[in-house]
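Protein chains in written order, with this note's numbering: chain U, 1 to 473; chain H, 474 to 583.
Hints listed in this document are in silico derivations from the structure and should not be mistaken for laboratory results. Ideal placement from N, C-alpha and C gives every residue a C-beta, glycine not left out. There's no promise every hint is true.
[Claimed, not checked] Each computed DMTMM-like pair below joins lysine to aspartate or glutamate, with the alpha-carbon atoms no more than 25 Å apart:
(1) Lys136/U <-> Glu563/H
(2) Lys540/H <-> Asp516/H
(3) Lys254/U <-> Glu578/H
(4) Lys246/U <-> Asp576/H
(5) Lys254/U <-> Asp575/H
(6) Lys398/U <-> Glu387/U
(7) Lys540/H <-> Asp98/U
(8) Lys21/U <-> Glu83/U
(9) Lys246/U <-> Asp201/U
[As the list claims (entries may be wrong)] Coverage of chain U stretches by chain H, computed from C-beta distances (three or more under 8 Å per stretch; other residues unrestricted):
(10) 45–54
(11) 57–64
(12) 109–118
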Amino acid sequence: MPEIAREHRATLASDPLRLRKARRWLMRLVLDAGFPPGEAHDLALAFSEAAANIHRHAYGGRRDGRVDLRVTIDDERVVVAMEHDGLPFNPDRYTPPDLGRPSEGGYGLFLIASLVDQVSFEGAGCGGRVVLVKRKRAVDLRVETQQQGVNMSQNRTNRAETDGSGETLPDLAELCRIHEIGLDLIGRSHDVDELLDRVLDEYESRLAALPSDALDARVGGPQPDSARKLRGLVMFATQAAALKEKAVVAGELKRRAAMLEEANTRLVAALDEAERSRARLDGVLAALSSGVMILGTDGSFLTANAAARSLAGATDDTALARIIAGNVPRESEGEIELPIADGGRRALLVARRAMSGDPGSEVVLVTDVTQRNRAVEERVRLEKLAEVLKTLSVLSHKINNPLTALLGRAQILQANRSSDPGVAKAAAVIEEASLRIAELIRELAQVVRDGHQDAVDELLDMRAPTSATGKRR
Amino acid sequence: MRVHVVREGKVARLSVTGCDAIDGANAVQLKSEALRLLGEVPDVVVDLTGVDFLDSAGVGVLVGLFKNSRLRGGRARFCGVTPGVRSVLELIQLDRIFEIYDDVEEAVRS
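Put together the whole structure using the sequences plus the hints.
Spelled out as structure tokens, the structure:
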């Protein structure tokens, strides 16, 4: 059943400078009656255009003309009647604007007709009357309130659906304007959340200012005027709460997005640093003359530097792992010999070490010890040669003494002519043999001094056999 | 109400402070002041942030700025359009003719 209509009256001057106050008064009445903010805005704009037309056309620009205003509101519609003493308006002379060609004027009546459900112009002779009718589109207040709580702009007329972004701040700005909350709040507030807090504070103060009968159900429920105010406040609170909820969600999303962005930045920096470390490690491995190979926990090949491949003469990684690690037990070291292209052999020292920081994995160090082994063999050979020379020197010295005596006696026997011819002949044989022994000793000493190593090697037979060996550490 | 014009390169940025409405009460003064400050500058960005009520007189101001720029071979761009202002522009279909951007930076860059 329609509510009993309430009527409000006011008298205005046809002065554009005073029109804003009347416009806000009208909007407050309509909002308090439970009309949606968008419809209240539309009606206020239509009223503003009608008042401007009265000033401009009925009163010819005079600012002292009288306009009697009567606003009738029930729960289904608002009727705004504006009576004046100026020239009446003739609708027949109205020409709609060409919307395809922007103009600096001529939109007033078009806006009025578009914004309200009904407009009429009455008058004859001196004086006229303009009547605007705006119907409430959503009859069920609860549904309307819920919808507006989600997005106020969607409950405006179809032509002004939304700003497309669903942003909270524009909605809030409109909410503040409709409810005459100072727009300076927006300027002073640094974020939506703070702004909503201010709006809710305003709501609380308005609630406190309500007449006592507004909340008193003992005397037959709230009185109609108070009920309308309550209804407006409930809608206001619902809208503000919904906007705040959106703001909280948006704030949380923004905060989480910032956290993700920060974490991503740190991760990218860490990956960059890891990449730089890996590049440095690759550079170090490439610069090493020794071979380095990394084996996994199951002994499988992971990586190796170029030197390891070169030393092993391996054509693929599997062969490399087999050649290098296959002959040396885990966590031990040993030497292996490999044939090389020129027909010789290469000796490699292989050391398998547990890798710190990666349990189970191993780092294998490969060193070419061919030259070192040759140097050791040469030193041993020279030491043996020195011993031989020393022995030869001693032997020569020790042989020379008896040999000199023997040779002397043989020569004495040959010089003694009275001796038996057989004895003289034997003495000659002894002398010749002694001279040959002395010559052999001199030749042997000369060979050693001249470094005829082949002869010495043949003499000493110093060649030593080589073989792969492995020993536990 | 005060009209501010700031030059940013070849573009003049125009904004209004001290008033949340462009209507019959201030339209004539606003248009006159804006055109005086803009002078010969053809390209203008009109920042409507803070203006949430626009009537037909206010529409006339915006159309005047739009035409003034076109006459000088430039462009007028609009930004900071609040829902209340946007609904009026859409009703008159000026949103199809005006260049409207979300914020000043985007409008200046365009």
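Checked hints:
no.	hint	verdict
1	Lys136/U <-> Glu563/H	22 Å, holds
2	Lys540/H <-> Asp516/H	11 Å, holds
3	Lys254/U <-> Glu578/H	22 Å, holds
4	Lys246/U <-> Asp576/H	22 Å, holds
5	Lys254/U <-> Asp575/H	20 Å, holds
6	Lys398/U <-> Glu387/U	16 Å, holds
7	Lys540/H <-> Asp98/U	16 Å, holds
8	Lys21/U <-> Glu83/U	18 Å, holds
9	Lys246/U <-> Asp201/U	18 Å, holds
10	45–54	holds (count 4)
11	57–64	violated (count 0)
12	109–118	holds (count 4)
Violation of the numbered hints given earlier is confined to hint 11; every other hint is satisfied by the structure.
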